[in-house]
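Participant: Sequence:
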Amino acid sequence: MRNKPYLLVSMLTLAAVGLSGCANMNQAQCETANWQAIGYEDGVAGVRDSQFSQHRQECAAHGVTANIDDYLRGHNEGSQKYCTRSNGFFLGMKGQSYNRNCPEELVPLFLNGLTDGKQIYSARRELDSKDDALERLYARIENFEETIADKNNEMIADGLLRSERLEIRQQIESLELEMLGLIELIPEYQDEQAQAVQKYESVKETFANYF
1 MRNKPYLLVS
11 MLTLAAVGLS
21 GCANMNQAQC
31 ETANWQAIGY
41 EDGVAGVRDS
51 QFSQHRQECA
61 AHGVTANIDD
71 YLRGHNEGSQ
81 KYCTRSNGFF
91 LGMKGQSYNR
101 NCPEELVPLF
111 LNGLTDGKQI
121 YSARRELDSK
131 DDALERLYAR
141 IENFEETIAD
151 KNNEMIADGL
161 LRSERLEIRQ
171 QIESLELEML
181 GLIELIPEYQ
191 DEQAQAVQKY
201 ESVKETFANY
211 F
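Everything in the sequence shown is counted per full-length UniProt numbering, starting at 1 for the first residue and increasing by one.
Since the hints were made in silico from the structure, they are not lab data. Please note that the accuracy of each hint is not assured.
The list that follows gives simulated cross-link-like pairs (lysine to aspartate or glutamate, EDC-like), each with its CA atoms no further than 20 Å apart [stated by the list, open to error]:
#: 1; residue 1: K199; residue 2: E104
#: 2; residue 1: K199; residue 2: E126
#: 3; residue 1: K118; residue 2: E201
#: 4; residue 1: K199; residue 2: D132
#: 5; residue 1: K199; residue 2: D131
#: 6; residue 1: K118; residue 2: E58
#: 7; residue 1: K151; residue 2: E176
#: 8; residue 1: K151; residue 2: E164
#: 9; residue 1: K204; residue 2: E126
#: 10; residue 1: K94; residue 2: D128
#: 11; residue 1: K204; residue 2: E135
#: 12; residue 1: K81; residue 2: D70
#: 13; residue 1: K151; residue 2: D131
#: 14; residue 1: K151; residue 2: E135
#: 15; residue 1: K81; residue 2: E104
#: 16; residue 1: K204; residue 2: D128
For each label pair, taking beta carbons as the anchor points, the in silico distance ranges come out as [said to hold, decoys possible]:
#: 17; residue 1: Q171; residue 2: D131; range: 19 to 25 Å
#: 18; residue 1: N112; residue 2: Q57; range: 31 to 37 Å
#: 19; residue 1: F211; residue 2: Q54; range: 17 to 23 Å
#: 20; residue 1: A149; residue 2: R125; range: 32 to 38 Å
#: 21; residue 1: E146; residue 2: T206; range: 52 to 58 Å
We treat Cβ as the ideally placed atom computed from N, Cα and C, and that holds for glycine.
Could you build all of it, start to finish, from the sequences and the hints given here?
Facilitator: In structure tokens, the structure reads:
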């Protein structure tokens, strides 16, 4: 499984999100809290250590003092799991940004991965945009075809005056001219889509070592 490194971090992160910080901690939780574990859970979830302030306030309301030393020790351990190059890449691929939650010594590698991942994210978005543009073009052409078909049926309906048929014929010709202009755009849109596919595949190949 080549993508195991960041999948592992992702699983840890998801698990930690469910446990992290015990939001709105009650008195029993505050009294029995393992502050190193809570710090670890916040760290591995990418939560900044400033989260401790909320924990402290919640427990102070119950007359319990939170242990910042244990919390920071655990948070640093969790950050070692979160602030890796591979996890930065995984987050970058999702278009996420750095929220300044990593220890200083881990920032360069994490940001390297994040930057690499964002290149794939950007290429994927560009490809999606070209796909959507081509689909919209096809949809517009189809709408013109349907409208022209309706106009043709309208033109041959019984009871119309010659002048009315001529007017509808002119409308059809105008619609056909507009539709032709759209049809002529298809090769250009297809070329742009093909270039976006090529760019996306090239970027993925560049960073294949992450997978």
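Participant: Which of the stated hints cannot be reconciled with the structure, identified by number in ascending sequence?
Facilitator: Checked against the structure, the hints that fail are numbers 1, 6, 11, 13, 14, 17, 19, 21, while the rest are satisfied.
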